[in-house]
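Given the coordinates of chain A, work out where chain B should sit on it, guided by the hints.
First to last, the sequence lines map onto chains A and B. Under the numbering used here, the letters of the first sequence match residues 1 to 332, in that order. Under the numbering used here, the letters of the second sequence match residues 1001 to 1183, in that order.
The set of hints was computed from the structure by calculation and includes no laboratory data. All figures in this text were calculated on a predicted structure; none of them were measured in a lab. The C-beta atom is built at its ideal place from N, Cα and C for all residues, glycine as well. Accuracy of the hints is not assured; some may be wrong.
Claimed, not checked - Okay, the calculated bits of chain B under chain A, using three or more residues with CB under 8 Å as the criterion:
| # | segment |
| --- | --- |
| 1 | 1027-1039 |
| 2 | 1097-1109 |
Stated by the list, open to error - Listed next, the in silico BS3-like pairs over lysine-lysine satisfying Cα-Cα at most 30 Å (straight line):
| # | chain 1 | residue 1 | chain 2 | residue 2 |
| --- | --- | --- | --- | --- |
| 3 | B | 1041 | B | 1026 |
| 4 | A | 63 | B | 1041 |
| 5 | B | 1026 | B | 1015 |
| 6 | A | 77 | A | 67 |
| 7 | A | 44 | B | 1041 |
| 8 | A | 146 | A | 77 |
| 9 | A | 44 | A | 77 |
| 10 | A | 63 | A | 44 |
| 11 | A | 309 | B | 1015 |
| 12 | B | 1041 | B | 1138 |
| 13 | B | 1041 | B | 1148 |
| 14 | A | 44 | B | 1138 |
Claimed, not checked - So the derived list for chain A, only partly shown, Cβ under 8 Å to chain B, looks like this:
| # | residue |
| --- | --- |
| 15 | 36 |
| 16 | 39 |
| 17 | 42 |
| 18 | 176 |
| 19 | 290 |
Here's the letter readout for the chains.
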Amino acid sequence: MTDLTLDITIHLAKIALIFFVVLTLAAYLVFAERRLLAWIQDRKGPNRVGPFGLLQPLADLIKLLTKEDFRPPQADKWLFYLAPAMAAIPAILTFAVIPFGAPVRLLGREVPLQVADLNVGLLFFMALSSIAVYGVALGGWASNSKYALLGSIRGLAQLISYELSMGLSLVPTVMLAGSLRLSEIVAAQKGVWFIVYQPLAFAIFLVSIAAECKRIPFDIPEAEGELVAGFHTEYSGMRFGLFFVGEYINIIVLGGLATTFFLGGWHGPLLPSFVWFVAKTLAFAFFFIWMRGTLPRLRYDQLMHLGWKVLTPLALVNILATGWWLMIRELR
Amino acid sequence: MAPFTKPMPIFNDLKALATGLFVTWKHIFRRPVTVEYPDAKRTPYPRYRARIVLTRDPDGGERCVACYLCSAACPVDCISMEAAEGEGGRRYARWFRINFSRCIFCGLCAEACPTLAIQMTPDYEICERDVMELVYEKEDLLIDGCGKDPEYNFYRHAGIGVVNPRGGNPDEEPPVDVRGLMP
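Extracted from the complex, chain A is given alone in its bound form (with noise of 0.2 Å):
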């Protein structure tokens, strides 16, 4: 086999692996939120099927597929049938750049344990989280109903207040690290955590990837109190589905970013690097579940002013202040 040969091979293995890794560990948090949602409401969650109710996943999938797939029939035909994909792809598109590993001697070489090391990593994942939420903007637009409207309007709302605050807080992250590189970024805290240097720009960060994949504080594009499903009322069956495995595969993503950028990547002692890596983003889902278990949602209005008089100031005097701390440590 030629060097090219083999790096295709490779490279597909890895892209096989995420998806595969990513669609199952998704559908499995789908099952472990109703569960823990469940304990939280001193319940027992779905236990039915299979041994603890692990094959729940697997019953719901067979349910999604074999729903009705409606279209209302005012809608916008294509957008309508695109709009699901859009939701989704981005989100696992992003995992491309996450090292989910340290890299590993295979065939006698060095394989990286990442899809695509991107010198611009982090504003990939920037531009695919802005585009992530046009799968919300247009199936809402699509659908032709009030409800999914103002949903996506919300969507778009939301977006716009918590992006800002979310680009703004990692700018320290690249500060320390020195690139936009996510490998050079977990390299840099292979001693030190950023999370010990930047505990508020993690702060920021963690409210606004909350916000970013829509769970319970800032679902306000779904709302199903005041907007019945919100963005995907007119959904059903798999598409439905697809927009659902969508918002989970985000939060998988969106905990392994913060893993990257704050709680040193796949760096750990003793057990393996991608344990360690999963863990993380694990204990960040787990988080997420938490607080949807806890918190009431936020009104349109304030979820604004968290996010432009709150945390898009605090991320501004944060850059200034590592920045005047890193030009003082580089005088000393």
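Chain B in isolation, oriented as in the chain A frame:
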């Protein structure tokens, strides 16, 4: 905009967040309050209001005298019957029908019943695939026992003054001598 002009009480907010998260954390480890229904069933309390029955008096006769009070009290009009007279002039229901697909199990019928004939039972499992199966006729409703008040017989208390002299019957006191109350 009034609340937002004040400086944000950020530490109170953080404390509130932490308190809430702590409460839910504790609940994760608490025993569930629910039971797995078809496998485990709760025993309802004796006064639980579910399937309605028609009871008999201790002698085995039907208590119902077809007075229509239950039917009148029913807020959803799910009770209907036809009165008839048996030998001896005593009334009974020729047919008696409760539509359980409509019944809201409020218990007003049981409260209205002067003869304690109609009673609520704790049997709550009365689902049917076919809604017509939920229309119970008299033979479905009538049970062999006395229900919650096994001693009670309406005819021992009502109308006895006509047949027997006053004061000699069970749970009746002799007539008061009005003059005896004078000081």
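A quick look at each hint next to the structure:
no.: 1; hint: 1027-1039; result: holds (count 9)
no.: 2; hint: 1097-1109; result: violated (count 0)
no.: 3; hint: B:1041 to B:1026; result: 27 Å, holds
no.: 4; hint: A:63 to B:1041; result: 28 Å, holds
no.: 5; hint: B:1026 to B:1015; result: 17 Å, holds
no.: 6; hint: A:77 to A:67; result: 19 Å, holds
no.: 7; hint: A:44 to B:1041; result: 15 Å, holds
no.: 8; hint: A:146 to A:77; result: 17 Å, holds
no.: 9; hint: A:44 to A:77; result: 41 Å, violated
no.: 10; hint: A:63 to A:44; result: 21 Å, holds
no.: 11; hint: A:309 to B:1015; result: 20 Å, holds
no.: 12; hint: B:1041 to B:1138; result: 29 Å, holds
no.: 13; hint: B:1041 to B:1148; result: 22 Å, holds
no.: 14; hint: A:44 to B:1138; result: 41 Å, violated
no.: 15; hint: 36; result: 7 Å, holds
no.: 16; hint: 39; result: 5 Å, holds
no.: 17; hint: 42; result: 5 Å, holds
no.: 18; hint: 176; result: 25 Å, violated
no.: 19; hint: 290; result: 6 Å, holds
Checked against the numbered hints given earlier, this structure breaks hints 2, 9, 14, 18; the rest are met.
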